[in-house]
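A.B. asks: Each residue of the sequence shown is one higher than the one before, starting from 1 at the first, in full-length UniProt numbering.
Errors might be hidden in some of the hints.
Simulated restraints on C-beta separations [as the list claims (entries may be wrong)]: (1) Pro-285 <-> Ala-261: 36 to 44 Å; (2) Gln-279 <-> His-325: 26 to 34 Å; (3) Glu-406 <-> Asn-516: 40 to 48 Å; (4) Gly-403 <-> Ala-261: 54 to 62 Å; (5) Pro-583 <-> Leu-430: 47 to 55 Å; (6) Glu-206 <-> Ser-478: 50 to 58 Å; (7) Ser-179 <-> Ser-508: 31 to 39 Å; (8) Gly-403 <-> Arg-361: 26 to 34 Å; (9) Glu-206 <-> Asn-523: 49 to 57 Å; (10) Ala-493 <-> Pro-309: 55 to 63 Å; (11) Ala-208 <-> Gly-113: 33 to 41 Å.
Simulated pairs of lysine-lysine, DSS-like, Cα-Cα distance not exceeding 27 Å [to be verified]: (12) Lys-170 <-> Lys-580; (13) Lys-290 <-> Lys-170; (14) Lys-580 <-> Lys-195; (15) Lys-460 <-> Lys-496; (16) Lys-460 <-> Lys-375; (17) Lys-485 <-> Lys-442; (18) Lys-640 <-> Lys-262; (19) Lys-580 <-> Lys-648; (20) Lys-414 <-> Lys-442; (21) Lys-588 <-> Lys-640; (22) Lys-375 <-> Lys-428; (23) Lys-580 <-> Lys-250; (24) Lys-460 <-> Lys-424; (25) Lys-170 <-> Lys-250; (26) Lys-424 <-> Lys-496.
If you're looking for bench data, these hints aren't it; they were derived computationally from the structure.
C-beta atoms are modelled at their ideal positions from N, C-alpha and C, and glycine is treated no differently.
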Amino acid sequence: MPAYCEGQFALLGQLPLASNPDQDAVFASIAHAAEINVYGPSEKLDETPEKGSHQLSAAFDSHLRGPSFVMEPPSRLEFSNSSGGWLDCSASGSPQPSIDWLSVDGTSVGDVGGVRRVLRNGTLVLLPFPAAAYRQDIHSTIYRCVASNTVGRVISRDVQVRAVVAQAYKVDVEVLAASRGCTAILRCVVPNFVKELVRVVSWVQEPAFYIYPSLQGDGKYHLLPTGELLIHNLEYNDRYPSYRCRTMHKLTRQVVTSNSAKIRMNDAPPSLVYSFIEQTLQPGPAVSLKCSAQGNPTPQISWTLDGFPLPTNGRFMIGQYVTVHGDVISHVNISHVMVEDGGEYSCAAENRAGRTSHSARLNIYGLPYIRLIPKVTAVAGHTLYLKCPVAGYPIEEIHWERGGRELPEDMRQKVQSDGTLEIKEVQKALDSGVYTCWARNKQGHSARRSGEVAVIVPPKLNPFHSSILSLNVGDRASITCSVIKGDIPLTIAWRKDGRPIDPTQRMSVTQVDQYNAILLIENLSADHTGNYSCVVRNTAAETEGHQSLLVNVPPNIEPFAFQDGLAEGMRTRTVCGVSKGDPPLTLKWLKDGDPLLSTLLGANVSTLDQYSSLLNIPSLSAAHSGDYTCVASNPAAEVKFTASLQVKGKVNCLLYY
């Protein structure tokens, strides 16, 4: 008589199938005694007490075994409403145990249309659902799996299920301001309603410098495991780059990037809160000139007379102190003022955040007098302002001469109303030499003094690449700094991101000659990405050439896997997410080494964002079994990650005895 069986493989559970006389006798008695219908491992075996029933009972009694879990569900399941979730539960025993589910109050769990299903293989499926269909008793509760047979039953641990309704969220950057030389902290601010489901995967210094979490950082940048970005040893150049944080939702794998933000420096430039006024005096009395300034850090105040340092004699005394409020006050005291002390006095307040100044004349009645004119250095191509350090009051006129000829003698030269000589676009060949200024009063008394002007040509660099120099990890890079113009002596130095090159950064600098220096990096790594500057200096000026270097980081695929216990008719999905690697990124899927053909297998591939690809198979069949490979590539490299999918099939068989 035939026995019809339908269900998973290994339908007979623990019934032995080895060939021996006793078991053959049992199966013979079954064949002659009854027709047995077995519809699956979750259904109870029915026995018909007809002829030979005592033999069947004896045979089964010798193989009875209580249920034990083969796959116990996890203690916690979190899933997105857009993806759904499932809990697998399977057990072994003799007879084959049936699988049921209980809710937190002990009631049996059954199908709820469009929301929850219990499959015949024991899997509890929580279907994707719209936000309006959320039910706390289904989507935020405790489930237990129960495996039972005629011997007994076992109950699994509590499974805390939590469905999260996917919501759009925005990420902001909070910058905690800091001072130069200190550490700035950038925080990625995630809304509270998704905070526990979102993690910071990287920061980006625009345009394309990626900073990833590490234990110690690279000296300048350190992304903590908690998501904060530390930027050490702040310089003023650190105010210019923009930063963004990148976050990933752990359930949907969606990547959200913040708006850009810049570092704020706590420093405040100086401002003058008090300054002296113009005075006109007779020779003899004491004079005090005062300036007061504030700023952060506390500024320093310096003084000049007609653009040159103050005279060094016992009649001049400079004092400076800081008040309890942080203001700095500076005085110039002249004990016995004389005619030659007259002129334009300036106080300048300066700190690392900026500079400000104030000027006013001190007029002392007397005959014209011109102080010594120190040697002046002018920068070729710039404008020179040459002030005549004249004293005496009143002065009727001031003139300038060079080589016996009165100036101006061309359109580049001009004598301003206060007697300052202005020369535009200074040229070394034409404008170097000795200049003489003379001053006269109404009575015809005059004075004259000469001084030398030296014109120095500033450094000029051969231009660097106008675009970003893009190379890959492991490549070799060299950048040459060539000075094509400029008076010697020259000093050439290299900086990275505004700081001197550190020997620990695995770079070397070769000074070819006094005009050329080469920066060489033998083996590029991600931390070599940055802005490189060649700084050339001479007595005239300092100039910089800049080259941006982008080291392309190979992609890193976060491991993924398919669920165990998947059977025909079920659905599955998995996400290939790239946690590290520079864009542009290309993501594609292979099955068993060949491109995945969705038209043949019914698999859907969709792009979640530029870092994530979703593989979705809505209805599994045996043909879907195989190795699925995600391939991620960018200009640096191509990497792969493979996960195996095993789909259990159904069996239909007729057994004849």
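A.B. asks: Would you mind marking each hint as holding or not holding in the structure?
C.D. replies: Going through the hints against the structure:
Distance hint for Pro-285 and Ala-261: a CB-CB separation of about 57 Å, inconsistent with the stated range 36 to 44 Å. Between Gln-279 and His-325 the beta carbon distance is about 28 Å. The supplied range of 26 to 34 Å therefore holds. For the pair Glu-406 and Asn-516, the supplied restraint of 40 to 48 Å holds, since their beta-carbon distance comes to about 45 Å. Against the hinted window of 54 to 62 Å, the Cβ-Cβ separation of Gly-403 and Ala-261 comes to about 59 Å, which satisfies the hint.
Checked against the hint of 47 to 55 Å, the C-beta distance between Pro-583 and Leu-430 comes to roughly 54 Å, which is consistent with it. In this structure the hint that Glu-206 and Ser-478 lie 50 to 58 Å apart at CB is violated, the actual value being about 25 Å. A hinted range of 31 to 39 Å for the beta carbons of Ser-179 and Ser-508 is consistent with their spacing of about 33 Å. In this structure, Gly-403 and Arg-361 meet the distance hint of 26 to 34 Å, their C-beta atoms being roughly 30 Å apart.
A beta carbon spacing of about 26 Å between Glu-206 and Asn-523 contradicts the range 49 to 57 Å that was offered as a hint. A C-beta distance of roughly 29 Å is found between Ala-493 and Pro-309, which places it outside the suggested range of 55 to 63 Å. One distance hint, 33 to 41 Å for the beta-carbon pair Ala-208 and Gly-113, is violated here, with the actual separation near 50 Å. With a CA separation close to 21 Å, the supplied pair Lys-170 and Lys-580 stays within the 27 Å bound.
Annotation: proposed proximity of Lys-290 to Lys-170 is violated, straight-line Cα distance about 54 Å (limit 27 Å). Taken as a hint, the Lys-580 and Lys-195 pair is honoured in the structure, with Cα atoms around 21 Å apart against an allowance of 27 Å. Straight-line distance between C-alpha atoms of Lys-460 and Lys-496 comes to about 20 Å, which keeps the hinted pair within the 27 Å bound. Between Lys-460 and Lys-375 the alpha-carbon distance is near 24 Å, which keeps this suggested pair within the 27 Å criterion.
Restraint check: the Cα-Cα separation between Lys-485 and Lys-442 comes to about 48 Å, which exceeds 27 Å; the hinted pair is violated. The hinted pair formed by Lys-640 and Lys-262 fails the criterion: a straight-line CA distance of about 36 Å is larger than 27 Å. Distance hint between Lys-580 and Lys-648 is unfulfilled; the C-alpha atoms sit about 35 Å from each other, more than 27 Å. Our distance criterion of 27 Å between C-alpha atoms is met by Lys-414 and Lys-442, whose separation comes to about 23 Å.
Restraint check: the Cα-Cα separation between Lys-588 and Lys-640 comes to about 10 Å, which is no more than 27 Å; the hinted pair holds. A distance of roughly 15 Å separates the Cα atoms of Lys-375 and Lys-428; the hinted pair therefore holds under the 27 Å criterion. Distance check on the hinted pair: Lys-580 and Lys-250 sit about 15 Å apart at the alpha-carbon level, within 27 Å; holds. The hinted pair formed by Lys-460 and Lys-424 meets the criterion: a straight-line CA distance of about 19 Å does not exceed 27 Å.
Between Lys-170 and Lys-250 the CA atoms are separated by roughly 16 Å; this keeps the pair inside 27 Å, and the hint holds. A C-alpha spacing of about 35 Å is found between Lys-424 and Lys-496, which places the hinted pair above 27 Å, so the restraint is violated.
Of the numbered hints listed earlier, those contradicted by the structure are 1, 6, 9, 10, 11, 13, 17, 18, 19, 26.
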